[in-house]
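Participant: As they're listed, the protein sequences go chains A and B.
When we follow the numbering used here, the leftmost residue of the first sequence carries the number 1, and every step to the right adds one.
When we follow the numbering used here, the leftmost residue of the second sequence carries the number 1, and every step to the right adds one.
Calculated from the structure, these hints are not laboratory results.
We put the beta carbon where it would ideally sit given N, CA and C, even for glycine.
Be aware that a few hints might be false.
Claimed, not checked - DSSO-like cross-link-like pairs, simulated, lysine-lysine; straight-line CA separation at most 27 angstroms:
{"hint": "1", "chain 1": "B", "residue 1": "32", "chain 2": "A", "residue 2": "447"}
{"hint": "2", "chain 1": "B", "residue 1": "215", "chain 2": "A", "residue 2": "399"}
{"hint": "3", "chain 1": "A", "residue 1": "252", "chain 2": "B", "residue 2": "32"}
To be verified - Taking beta-carbon pairs under 10 angstroms as the criterion, some of the chain B residues facing chain A (in silico):
{"hint": "4", "residue": "22"}
{"hint": "5", "residue": "32"}
{"hint": "6", "residue": "122"}
{"hint": "7", "residue": "173"}
{"hint": "8", "residue": "204"}
Chain by chain, the residues:
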Amino acid sequence: MGRTLAVTFEPVGRTIPVTPGQTFLRAAQDAGIDVMATCGGRGRCHSCRIKIVKGSVPPPTIMDTVQLGHDEVREGFRLSCQTAVSSDCAVMVMPPIAEGGHQILSCSHVFRETTSLDSGVEKRLIKAGLPTEEHHQTSDVEEILAALGNGVSGDVPLDLLRKVPALLRDDGGALTVTTFNKRIIDLESGDTTTHRYGMAFDIGTTSIVGFLLDLATGEQLAAVGSLNPQAVYGGDLMSRIAFAQFNAEALKKLQTRVLAAINGFVKEACDKAKVAPAHVYKVVIVGNTCMHHIFLGIDPTHVGLAPYAPSVRSPIVVTARELLVRVNPNAAVCFLPIVAGFVGADTMAVVLATRIYDSPHVRVAVDIGTNGEVVMGSRRKLVACSAPAGPALEGAQIKHGMRGALGAIEKVEIADDVVCGVIGGVPPIGICGSGLIDAVAKMLDAKIVGPSGLLRIEERDVLAPALRDRLVERDGERQFVLAWAAASGHGQDITISQQDIRQLQLAKGAIYSGILMLKKVMGVQDGQIKELMLAGGFGNYINIESAVRIHLLPDLPVERIRYVGNAAALGAQMALLSETERSRAIALARSIEHVSLAARPDFQDIFIEAICFPGDEAADMLLSGGA
Amino acid sequence: MGNVPTLQIPEGWQSRVPAGWDWTELWVAIEKGKHKIAHELVQKAIDAQIHPKTILDDGLFPGFNLQGDRFSEQIIFIPEMLITARAMKAGLALIRPLLAAAAEKPVGTFIIGTVLGDMHDIGQTIVTIMLENAGFRVINLGTDTHPDKFIDAAKREKADLVGFSALLSTTIYYQKVTIEEFAKAGLRSKVKILVGGAPTSQQWADEIGADGWGKDAMLAVQLAKRLVKEPREAWE
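So here's chain A without its partners, still in its complex pose:
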């Protein structure tokens, strides 16, 4: 090996040897140091930026200047994906992946749905006899099965067989047998029948949430969650797939990361609830098609290419041992089925949780996330599509964007001047997705932004003086200052740029075109939609009026739009507690009609309508074919 350089990454404070010429991002990733790279390390965003705090600052690349601007470049900021290590140095990673106080929704409300408690996991205390007569053709296992009765399968996992001789002879033969769907998955000495637990996980592109439940009572014992640690390899699905494309080693990396996170959650939840991981017998995992494939170690390459077909749609049940999930090794790890394309197991969970299949009227469920999904219908028919919004709605690829964490602007009021609501009530340091939606809605009302999405700098003189001063042009780009440097938490103006508004238009346009397309396929008008259910961790923080104002959501009366919480996580818990619900998901997955947006000839018109704000003339002209 040739000469290496020493690079210290702050704030973790780790120094690693790096081959000269390697990028900072690659070096950090190889050493297991988390650096966000929302665009997948292609110089298309600034999430991976670092500040060189010690040592010589390498000359900026063109992409540094494009993404960071002259000021930041001068201050020593660089894109870690573009900048090669050329000397010993120390760099500050920003923003760190572990931001404090995330507002990622954990479905903490008590599980009230009238789900029957039939998890399929049963525990029985038995007292099996020992074989007594040599001429009886019997065995220890047969004695256990005889004591159990009622059709339990004799197909016993090898690790349990190895425990049988001692178990049967200790403790006077009193033992607890655990079965999942009539198959023995655990044998323990003594009475452990009250210890019967399960876990449900929703693996999202951006975040993961998990829940530990008591399978006997349905009670939620612990909720855990964090960002998806794969996010350092790309913020949206497609960059995640691109990272693993035709590259088994990269796929392994993604799989290992998510598995490590899940195992961390198992431990954390079990510690919290004082439950032994060995007493977790069933795990239900939901996630979009890409997360599903990656967790299972199935190459997702072709999911990312037209016609975006999954490798498998049917429900999968494997042992925890096979997947290396650290619960009981014979526990059943169940994946809900996939509908088609990117409409994955998470959508099935949303369908279960919202009971949209059981409605006499047309309802629509919108799961807003990095990859959004829309399901529409009633008990007669259900249609679904996936809407690739990208991470902009979560604050990524937005100039001053950040996650919904401490210091994020989440609410905006505009009258004679701007008033920002900030998470934690501290001076703001950025804007999160729900704040961006609120800000642009209010800016439309105040005529700071026109229906085409343009910041109306030419007409700023009609604005109140305080607003006029905020509408500026900087670095050749139109910007609106939400918070002045003096009022911010980091001494810099927090602005919404023209480019940010275009990003928002594309993101909300993806979701809204999904809704428009399903309305068209179902042949329904807004008036016929009885209810719109907004799901997803992020959906809870959106101001509904603002979401309607910018046409992220259709023009329904606000009382017909309702948050339903993290429905995917709720659906996963329902499938955990109830095999009836899990079977229902399996049956429903086959009956839902998948609508592929991009493949439809009318998509272009719908998309044009969807990316505009209400009242845009150009879109109206295009759609009417007029003038």
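Let chain A serve as the given structure and place chain B on it in line with the hints.
Facilitator: Chain B only, in chain A's frame:
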């Protein structure tokens, strides 16, 4: 303000039209995307015996270029660009046969398509119209285009330029593959290859050995105009 695109009025346009003629209405019609008015005004110009090349350069392009510049500057967005492109197309439809009759040769032949695995076509639709407006003969192969289809079309049409669009991080891979296939087929030096699409960059274009990267539709057309003049191995 910094970069405010303005209408570039063609120099000496008065000398190329009858006395009292005014292009303003047509410039505005193209700018505002009024395709019916654009159609009428171009017909009026033809009836007034104005040379088709003059109608194109002096009548249609100023409004179109203005919008193209605004698009590059993010002042307008996809819908506005599409209606302008549509108005331009309406006017062009009337003069194209006349241009052909006047022996106006196309600037070059351009094969365009979205790469294998990718179904997006709004971007390449805009580029196609803009290339046609700029005088190229454009063969649009549509979406999800196999490398062989690009190669067959390039051979058949004796293409000067080939452009691949890709809108997904997962499909830009096929820009690379398609360029490799052109090299394997021994055609790499006969055509200039351009790439574009949201996940692409100049760096990506260089990495995969493309001849150029179009950041947006307007810049792609400028690039095409430049590349078509560069030397290439001739088709038999």
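Participant: Next, verify each hint and record whether it holds.
Facilitator: Structure-based check of all given hints:
Restraint check for residue 32 of chain B and residue 447 of chain A: the C-alpha separation of about 21 angstroms stays at or below 27 angstroms, so the hint holds. Proximity of residue 215 of chain B to residue 399 of chain A is assessed by CA-CA distance (about 19 angstroms); at most 27 angstroms being required, the pair is judged to hold. Between residue 252 of chain A and residue 32 of chain B, the direct Cα distance comes to roughly 52 angstroms. Violation of the 27 angstroms bound is thereby established for this hinted pair. Checking residue 22 of chain B against chain A by beta carbon gives a least distance of about 21 angstroms; that is not within 10 angstroms, so the hint is violated.
The criterion of a C-beta within 10 angstroms of any C-beta in chain A is met by residue 32 of chain B, whose closest approach is roughly 8 angstroms, and the hint holds. The criterion of a C-beta within 10 angstroms of any C-beta in chain A is met by residue 122 of chain B, whose closest approach is roughly 6 angstroms, and the hint holds. Below 10 angstroms, beta-carbon pairs count as interface contacts, and residue 173 of chain B has one with chain A at about 6 angstroms; its hint therefore holds. Annotation: interface hint on residue 204 of chain B holds; nearest CB of chain A at approximately 7 angstroms, less than 10 angstroms.
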